[in-house]
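K.L.:
Using the sequences and the hints given, assemble the complete structure.
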Amino acid sequence: MINFTINNQPVTAQKGETILQAARKAGFYIPTMCYLEKTTPCASCRLCVVETDKTDGLILSCQTPPIEGLSVTLDSDRLKTERTNIMRLYDVNHPLECGVCDKSGACDLQNKTLEFGVSAQHFSAKEQHRHIEHWGLVNYDPSLCILCEKCVHVCNEIIGDDAITLQFGGYKSSVIPKNSDVLDCTFCGECIAVCPVGALVSSEFQYSANAWELSQVPATCVHCSAGCSLSYEVKHTSTSNGEDRIYRVTNDFEHTTLCGAGRFGFDFDHQASKDEAEFAKAIHAIKSAEAIRFSSLITNEEALILQRLKEKTGLKLYNEEARAYQSFMAAYSSISGKSGFGGSLDAITQSDGIIVLGGRISTDNPVVRYAVTTAARHRGAKVIYMHPLEDELLQNVVTQFVKYEVGTEEGVVAMLAATLLEGADISEENREYFKELDEGYLCAESNVGDEEFTRIAQSMKRAKRKTLVIGSDVLNHKRSSNIARLCAMIETYTEFSVVVIPTNVNTVGVSLICDLDSDNGSANVVGYNAAGSYTIGSFGDAMLPLAALNSQEGTFVSINYQVLPTNVAVAFKGYTLNDLANTLGVKAENTIDYTLALPREKGFERKSFDDLGNFFGALGEDYRGYMLENRDIEASGVLEEIADLPEFNGTVVYRCNPVNQFNSYTARTSQLEKDTTLRGSAQFAAAAKIGDGDKIQIEFKSATQERIFKLDTSLKGTVALVPAYDEAFGALNEQYRFEKVKIMKMGSGS
Amino acid sequence: MHHEEVFTNRNVSESSAYYYVDIETYPTSGWDKFKQVVKRTFNGELFVGLWVVLREMIKFDIHTLQYPLEKLPIGPRYRAVHKLLRLWESGYERCIGCGLCEKICISDCIRMDTRIDENSRKEVTEYSINLGRCIFCGYCAEVCPELAIVHGQRYENASEQRAHFVIKDDMLTPLDLLKAGEQAEYPGFGAIIPGSDASVKKTPLAY
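First to last, the sequence lines map onto chains A and B. Numbering of the first sequence is given in this note's numbering, commencing with residue 938 and proceeding in unit increments. Numbering of the second sequence is given in this note's numbering, commencing with residue 24 and proceeding in unit increments.
Keep in mind that the hints are not guaranteed to be accurate.
[As the list claims (entries may be wrong)] Not the full set, but computed from the structure, chain B residues with beta-carbon under 8 angstroms of chain A:
{"no.": "1", "residue": "Cys121"}
{"no.": "2", "residue": "Gly122"}
{"no.": "3", "residue": "Glu125"}
{"no.": "4", "residue": "Lys126"}
{"no.": "5", "residue": "Arg134"}
{"no.": "6", "residue": "Thr137"}
{"no.": "7", "residue": "Ile139"}
{"no.": "8", "residue": "Ser143"}
{"no.": "9", "residue": "Lys145"}
{"no.": "10", "residue": "Glu149"}
{"no.": "11", "residue": "Ser151"}
{"no.": "12", "residue": "Gly155"}
{"no.": "13", "residue": "Pro168"}
[Said to hold, decoys possible] Simulated restraints, written as ranges between beta carbons of each label pair:
{"no.": "14", "chain 1": "A", "residue 1": "Glu1141", "chain 2": "B", "residue 2": "Asp192", "range": "25 to 35 angstroms"}
{"no.": "15", "chain 1": "A", "residue 1": "Gln1104", "chain 2": "B", "residue 2": "Ser113", "range": "27 to 37 angstroms"}
{"no.": "16", "chain 1": "A", "residue 1": "His1066", "chain 2": "B", "residue 2": "Lys202", "range": "30 to 40 angstroms"}
{"no.": "17", "chain 1": "B", "residue 1": "Gln89", "chain 2": "A", "residue 2": "Asp1212", "range": "56 to 66 angstroms"}
{"no.": "18", "chain 1": "B", "residue 1": "Asp140", "chain 2": "A", "residue 2": "Asp1118", "range": "20 to 30 angstroms"}
{"no.": "19", "chain 1": "B", "residue 1": "Asp192", "chain 2": "A", "residue 2": "Asp1212", "range": "37 to 47 angstroms"}
{"no.": "20", "chain 1": "A", "residue 1": "Pro1536", "chain 2": "B", "residue 2": "Asp140", "range": "46 to 56 angstroms"}
{"no.": "21", "chain 1": "B", "residue 1": "Ser113", "chain 2": "A", "residue 2": "Phe1105", "range": "32 to 42 angstroms"}
{"no.": "22", "chain 1": "B", "residue 1": "Asp192", "chain 2": "A", "residue 2": "Asn1116", "range": "44 to 54 angstroms"}
{"no.": "23", "chain 1": "A", "residue 1": "Gly1042", "chain 2": "B", "residue 2": "Thr87", "range": "52 to 62 angstroms"}
{"no.": "24", "chain 1": "B", "residue 1": "Lys202", "chain 2": "A", "residue 2": "Gly1684", "range": "52 to 62 angstroms"}
{"no.": "25", "chain 1": "B", "residue 1": "Leu201", "chain 2": "A", "residue 2": "Gly1684", "range": "53 to 63 angstroms"}
{"no.": "26", "chain 1": "A", "residue 1": "Glu1052", "chain 2": "B", "residue 2": "Asp192", "range": "40 to 50 angstroms"}
{"no.": "27", "chain 1": "B", "residue 1": "Lys202", "chain 2": "A", "residue 2": "Thr1102", "range": "27 to 37 angstroms"}
No wet-lab data here; the hints were simulated from the structure. Keep in mind that this is a model prediction, so the values were computed, not measured. For each residue, glycine too, the CB sits at the ideal point set by N, CA and C.
P.N.:
So, in structure tokens, the structure goes:
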């Protein structure tokens, strides 16, 4: 704790806090143009200057920590002159096009110019001719750019794409793509969000609406399990169509980070009217079906409706993806004695030692990737990435890549646990268990050397806050329960906290609320956003259309075990699941009436939907929904012997979506790139005897599909990536993500 | 000439300026009514009227306005149906699509569609005012930074539907009229004051 004064009033700062942070916490106002809470200070705008009694010159409050007894002045005449002059310089030759600029009305430069009363141009500079750049989803107008560097910092420190940089040249400086002519990145659009002026804008949105015409609908992103906070911004469709449409998605960029799917993949809503005949058919289908198969793109409330239907009518509930997570967590709890894992996205961000195992986080859950990147950049975290496939998107942050053979996760986790649990206070039987591990066999089969584990142990020894991130590969592994127990051992007996990445937005919620049955693949099943003999829902060709998730209100449970509310952005005129349930005898007026009834024994609170907040405070306090209680559970689990490690020889593909693609919703958005090709390395192509652009047929165990093969030079090894978002072959995590397939060439490429 | 009537006593009494109009009593019986009709029909007043019309027609000095072919000039600040003007020199639309009129409109009857065009400029593809809701307050013309949306002189709003739209094509000055110099600069509320060319500054420079 450091005591100092601001404008003669006593203020205390935590260790490591800057003057600006302490001042803002204490309620003092210091103007800034380039400051972003979540990055290191850009220190480019110099608006945050303050005077102190210990320095002669002005100092930057955004990067200077206070010292004991310091006296800081925020608003002397000298400071006012200094800041006004800075604003005058910012306004030199800034195009007077506020009338058309997208940012007008929400522009930092506009606000500060008015705040400091800059009404005339006091300095002159030669006007330059500058080209507007078109970088795909992003447009960049260098003449509007004020070179605050927020975009560069966020791209490098938080996202990890490191795709843009500043081209220094004094007055001619501008933002340029790094090492490339065009912007080559994952198109998260975070640069657009942080841009304080209209220099970086969404090309699709540009000039289609003004900031003040749009109404913000606070919601939760539905594409992955991170459950990011976002606002759908809606306005009437056109002069002749008064129905609302989503124009863009914005986020509270000071405190959250959104990926490209969240930001650009918003137009997945669909429309339908009430067709009574079809409704009667749906009722009949549900009554005569033996089960409902559903995906985890569903709200907690709807999941509870399904559960009630099951209780009332004896229908079975199929959701293999959530069931895998459910059984994984059951096994996990049987060792850890807690209902959930202890880590969170915040925990990853705060870590200085991270192990990622069994998942391609950069596409499975981009926010986990951003958390890992932030930890690596801000805390110098050691990042160990363990996976059969190297990930190019993580290459800037990963300090050690450990490649293991496909299918050997159990052995790898066992060895990892043995390494990390060395010297830990574990029971005699467990110590015996790890001692008796056949290290030679495990290392040989998994192809991970002893020395690699030694290196892991060394780099983790120095770390103070450690996180183990478990990807969704292991959820559907044949030995997932034992893997879960081993992971739980690590969390329980070491300093590691564990984060398990659920697959879909509400995998966690479904696993808590629904009593799921084992899917026997039967035909007489009603599919809700899933395959079935009769289908309902918002995916593609559902026979009875129900509202898509941006036309629904309800809650999700995120990877952080946080219950997050979402709201209706676009009205839906058709039926809802609640209408079906009401006819079937499970009665409630509105779907959100079920929010109160969410099972308390699973950690839900007795809170009604309308009492849930969905916003952040000025200092980043999270007022979204509530945290699930991490309940105590009887820990009676015992570690099992490691089974023989399977071998995956021949042609192996990995179900893995391309960047910004997650599910049927993202697949039908207009802006996101839809790559449906099988991507493989040159080595894979040679082994499978196919070439770039070839039309191929992939024969899976249960189905075949046709795709185009694309040679991807960034990939290595013998495993190819097959997308699952287009649902040509089930959802991502209905089974183990690696599969041995047969590939046949149907026709050659151009 | 201004005529000022002095009239302050508002008491209705015998001595005041008010008096009862002497109205003939209405006939009550059928016979009396018949007599009144005959008297009114055949006392020649009809021909007096007809003669006046004939006399004026022969003189060919007609003061009647041939509406709707002719219209009386209305005051320059009269706020009738809106117009969208073009730039004199280039013929481009003045409207930049800033949306201020849409925002300020208190009856919320202005809507516009904008998009980015091929030259990365903002293009107004559609502009409409719902005249069924418009209260002709003139805020849109006043707020317009480009003097693009103005009130015109057209006051007829007859239509098959009360809330008939005014669309952009109806309001925008046609190019041929612009070239013929027939676009009238709006002299009403929010217009530039005469001689303001002299005081125009390109950029507010302090030096």
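K.L.:
Evaluate each hint against the coordinates.
P.N.:
So, going through the hints one by one against the coordinates:
no. : hint                                     : verdict
1   : Cys121                                   : 4 angstroms, holds
2   : Gly122                                   : 4 angstroms, holds
3   : Glu125                                   : 7 angstroms, holds
4   : Lys126                                   : 6 angstroms, holds
5   : Arg134                                   : 4 angstroms, holds
6   : Thr137                                   : 5 angstroms, holds
7   : Ile139                                   : 4 angstroms, holds
8   : Ser143                                   : 5 angstroms, holds
9   : Lys145                                   : 4 angstroms, holds
10  : Glu149                                   : 5 angstroms, holds
11  : Ser151                                   : 5 angstroms, holds
12  : Gly155                                   : 14 angstroms, violated
13  : Pro168                                   : 6 angstroms, holds
14  : A:Glu1141 - B:Asp192: 25 to 35 angstroms : 27 angstroms, holds
15  : A:Gln1104 - B:Ser113: 27 to 37 angstroms : 35 angstroms, holds
16  : A:His1066 - B:Lys202: 30 to 40 angstroms : 31 angstroms, holds
17  : B:Gln89 - A:Asp1212: 56 to 66 angstroms  : 58 angstroms, holds
18  : B:Asp140 - A:Asp1118: 20 to 30 angstroms : 25 angstroms, holds
19  : B:Asp192 - A:Asp1212: 37 to 47 angstroms : 38 angstroms, holds
20  : A:Pro1536 - B:Asp140: 46 to 56 angstroms : 55 angstroms, holds
21  : B:Ser113 - A:Phe1105: 32 to 42 angstroms : 38 angstroms, holds
22  : B:Asp192 - A:Asn1116: 44 to 54 angstroms : 50 angstroms, holds
23  : A:Gly1042 - B:Thr87: 52 to 62 angstroms  : 53 angstroms, holds
24  : B:Lys202 - A:Gly1684: 52 to 62 angstroms : 59 angstroms, holds
25  : B:Leu201 - A:Gly1684: 53 to 63 angstroms : 58 angstroms, holds
26  : A:Glu1052 - B:Asp192: 40 to 50 angstroms : 42 angstroms, holds
27  : B:Lys202 - A:Thr1102: 27 to 37 angstroms : 50 angstroms, violated
Of the numbered hints listed earlier, those contradicted by the structure are 12 and 27.
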